[in-house]
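Asks: Below, each chain spelled out in residue letters.
There are 2 protein chains.
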Amino acid sequence: MELKNDLLLKALRQEKVERPPVWMMRQAGRYLPDYIRLREKYSFFERCQTPELATEITIQPVEQVGVDAAIIFSDILVVPQAMGLEVELLEGKGPFLPDPIKNINDLKRLRKPDVNESLGYVFDALKLTKKTLDGRVPLIGFAGAPWTLLCYMVQGKGSKTFDEARAFCFTQPETAHQLLQMITDTTIEYLRGQVRAGADAVQVFDSWGGLLSPVDFEEFSLRYIRQIISALKDVVPTILFAKGAWFALDSMSATGANALGIDWCVTAQQARKFAGNEITLQGNFDPARLLAPVPEIRKEVKKMISSFGVDRYIANLGHGILPNVPVDHARAFVDAVKEYKI
Amino acid sequence: MELKNDLLLKALRQEKVERPPVWMMRQAGRYLPDYIRLREKYSFFERCQTPELATEITIQPVEQVGVDAAIIFSDILVVPQAMGLEVELLEGKGPFLPDPIKNINDLKRLRKPDVNESLGYVFDALKLTKKTLDGRVPLIGFAGAPWTLLCYMVQGKGSKTFDEARAFCFTQPETAHQLLQMITDTTIEYLRGQVRAGADAVQVFDSWGGLLSPVDFEEFSLRYIRQIISALKDVVPTILFAKGAWFALDSMSATGANALGIDWCVTAQQARKFAGNEITLQGNFDPARLLAPVPEIRKEVKKMISSFGVDRYIANLGHGILPNVPVDHARAFVDAVKEYKI
Numbered sequence: 056m057e058l059k060n061d062l063l064l065k066a067l068r069q070e071k072v073e074r075p076p077v078w079m080m081r082q083a084g085r086y087l088p089d090y091i092r093l094r095e096k097y098s099f100f101e102r103c104q105t106p107e108l109a110t111e112i113t114i115q116p117v118e119q120v121g122v123d124a125a126i127i128f129s130d131i132l133v134v135p136q137a138m139g140l141e142v143e144l145l146e147g148k149g150p151f152l153p154d155p156i157k158n159i160n161d162l163k164r165l166r167k168p169d170v171n172e173s174l175g176y177v178f179d180a181l182k183l184t185k186k187t188l189d190g191r192v193p194l195i196g197f198a199g200a201p202w203t204l205l206c207y208m209v210q211g212k213g214s215k216t217f218d219e220a221r222a223f224c225f226t227q228p229e230t231a232h233q234l235l236q237m238i239t240d241t242t243i244e245y246l247r248g249q250v251r252a253g254a255d256a257v258q259v260f261d262s263w264g265g266l267l268s269p270v271d272f273e274e275f276s277l278r279y280i281r282q283i284i285s286a287l288k289d290v291v292p293t294i295l296f297a298k299g300a301w302f303a304l305d306s307m308s309a310t311g312a313n314a315l316g317i318d319w320c321v322t323a324q325q326a327r328k329f330a331g332n333e334i335t336l337q338g339n340f341d342p343a344r345l346l347a348p349v350p351e352i353r354k355e356v357k358k359m360i361s362s363f364g365v366d367r368y369i370a371n372l373g374h375g376i377l378p379n380v381p382v383d384h385a386r387a388f389v390d391a392v393k394e395y396k397i
Numbered sequence: 056m057e058l059k060n061d062l063l064l065k066a067l068r069q070e071k072v073e074r075p076p077v078w079m080m081r082q083a084g085r086y087l088p089d090y091i092r093l094r095e096k097y098s099f100f101e102r103c104q105t106p107e108l109a110t111e112i113t114i115q116p117v118e119q120v121g122v123d124a125a126i127i128f129s130d131i132l133v134v135p136q137a138m139g140l141e142v143e144l145l146e147g148k149g150p151f152l153p154d155p156i157k158n159i160n161d162l163k164r165l166r167k168p169d170v171n172e173s174l175g176y177v178f179d180a181l182k183l184t185k186k187t188l189d190g191r192v193p194l195i196g197f198a199g200a201p202w203t204l205l206c207y208m209v210q211g212k213g214s215k216t217f218d219e220a221r222a223f224c225f226t227q228p229e230t231a232h233q234l235l236q237m238i239t240d241t242t243i244e245y246l247r248g249q250v251r252a253g254a255d256a257v258q259v260f261d262s263w264g265g266l267l268s269p270v271d272f273e274e275f276s277l278r279y280i281r282q283i284i285s286a287l288k289d290v291v292p293t294i295l296f297a298k299g300a301w302f303a304l305d306s307m308s309a310t311g312a313n314a315l316g317i318d319w320c321v322t323a324q325q326a327r328k329f330a331g332n333e334i335t336l337q338g339n340f341d342p343a344r345l346l347a348p349v350p351e352i353r354k355e356v357k358k359m360i361s362s363f364g365v366d367r368y369i370a371n372l373g374h375g376i377l378p379n380v381p382v383d384h385a386r387a388f389v390d391a392v393k394e395y396k397i
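Quick mapping for you: the protein sequence lines, in order, are chains V and Z. Using the numbering used here, read the first sequence as starting at 56 and increasing by one per residue. Using the numbering used here, read the second sequence as starting at 56 and increasing by one per residue.
Hints in this document: simulated from the structure, not taken from any laboratory. Check before you lean on any hint, since a few could be wrong.
To be verified - Here are the simulated lysine-lysine pairs, PhoX-like style, with alpha carbons at most 20 Å apart:
| hint | chain 1 | residue 1 | chain 2 | residue 2 |
| --- | --- | --- | --- | --- |
| 1 | V | Lys148 | Z | Lys148 |
| 2 | V | Lys354 | V | Lys71 |
| 3 | Z | Lys288 | V | Lys212 |
| 4 | Z | Lys65 | Z | Lys396 |
Stated by the list, open to error - Calculated Cβ distances over 12 Å to all of chain V for the following chain Z residues:
| hint | residue |
| --- | --- |
| 5 | Leu93 |
| 6 | Glu111 |
| 7 | Gln115 |
| 8 | Leu144 |
| 9 | Arg166 |
| 10 | Lys186 |
| 11 | Gln227 |
| 12 | Gln282 |
| 13 | Gly311 |
| 14 | Gln325 |
| 15 | Asn339 |
| 16 | Arg344 |
| 17 | Leu377 |
| 18 | Lys396 |
The structure presented is a predicted model; accordingly, all values stated were derived computationally and were not measured. Cβ coordinates follow ideal geometry from the N, Cα and C atoms, glycine included.
Generate coordinates for the entire structure from the input sequences, incorporating the hints supplied.
Replies: Here it is as structure tokens:
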């Protein structure tokens, strides 16, 4: 089916565009009143695992905020869950894994899942969303980077610094590498399945990449991300977002990813310099700035686009949208991008 | 009184040394069994406010781990407390401020304190520690950077991202600047008092500087840090540690600080390049790596010193020591620095 709006794919192919495409990380979610209503009726996993609900949630920001891409409603922790680890997602409390991985024996509790069996519900949601979107905008699939998934699988819950996960890598490096490879293998199968189900692009989220030193990021994160990008780059456009890992923008650029996501703690100039001028960049509005008055948002969006330039650029936030952002502020962000004139 | 070990001061004056000085952020604290025993008997504020206890805790790592400098046992939140805000420090739970600052009216609840009156207990602790140290090693005083203190004063507790604090700056910039200036004025008086009481050097901790974009860091953090460093640089050697703010190493270097602290997410080469070759650098061992086996710690310490070089360098961690580090691992870190041969 031909896309009526293929701005995102053009930007990912480094083609010239009239204005940058725009979407927002976590756009399908907690700041939208219609989402909150569904959250009151269905648990997180019911929303994920019921294709009709996941589709409805995925499409809400396309219809209500006017973004140029949909991203499937799901969570990065469905992969550890499919691998056999218990994952609870408590409303407002974040993830909780009651039996985290502590040593090599714990790896025995994990399996390499048949993704069609254990993650088929995500593929079904993608298929139904694709059909319901009817070509309005591209559909993005996603997965967590192996290091970020290891963080949760070892620490067992969210953390500012994931000290236990880093210590696990430093004290049991062989076990860590074995675990990272297991996650990588599953993730490749999972993302391939998402593409078969209709994803037009995929994003790999390394939310905790920036907690590692540059040397450790190469060893415990990028080495595995590279395998994932290599396996997918001829199949689908890829976006790689390693929050905080400004120091690796050059080596991430060399993975063959079509675009790199960047957070707000790097300027456009620095990011272009580090990543090289060929690759598309995605980001990097400070999510907290969406709470500023609307005229301020519009002004800052213009500044951001001028700094990155219109081509090889996808307007986005530097991290997920905050739950307390008024919907008209999110809309102002999107509108300001759409109205941008060179 | 002449110092028997003035390695730290030599490094801060950019003088040649035989080996780098070494100390550890949070060295006086929770990984030491003798500290834990005191914690069981006295509350946090009793430990801070009783000069005999603060002195004992401050000197423990000098005697038990062999560091080249003592840092006074206290907390950055004593300043908001002296300004009139209620601060609770709950064991194992972090800080809690029941009535945080939300708008301009809340500033009326704050005062510019007479530091001798409201923070005299810190000065008393410094005096007694200085006397008890008897010149064994230099004594470091410290304060939080205004932005980091604003984070807690607005958010009311610890946070991964301090979204509310950033949003406060974006939605009420004038109030934010007024608050930052009040904190700055108090901090300057407070640090001057610490120097009068015997501090041989002072460190300014901007633990959350790296949560701001480069432009916002300049506006909401560095502008105020600059005032503090200016007011103190002719009085005492200063160390400035803004965690995560690699992007500002050049402008922080230009403040006139004697040394910049750096975290483990920057390589020595990058840090030297960004900060310029004249200034002393302090850091940047990943605190989680102190959980690795001792031979591994020793090997990594050598690598670290070789990367930074012996001169204009203070060996330290990239953030505070973790509570679960065995004392002999901390000692191995210190010993490896002491045994370093060019």
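Asks: Evaluate each hint against the coordinates.
Replies: Do the hints match the structure? See the list:
no.	hint	result
1	V:Lys148 x Z:Lys148	holds (16 Å)
2	V:Lys354 x V:Lys71	violated (24 Å)
3	Z:Lys288 x V:Lys212	violated (43 Å)
4	Z:Lys65 x Z:Lys396	holds (18 Å)
5	Leu93	holds (24 Å)
6	Glu111	holds (27 Å)
7	Gln115	holds (22 Å)
8	Leu144	holds (17 Å)
9	Arg166	holds (29 Å)
10	Lys186	holds (36 Å)
11	Gln227	violated (10 Å)
12	Gln282	holds (23 Å)
13	Gly311	holds (24 Å)
14	Gln325	violated (7 Å)
15	Asn339	violated (8 Å)
16	Arg344	violated (5 Å)
17	Leu377	violated (6 Å)
18	Lys396	holds (23 Å)
Checked against the numbered hints above, the structure violates hints 2, 3, 11, 14, 15, 16, 17; every other hint is satisfied.
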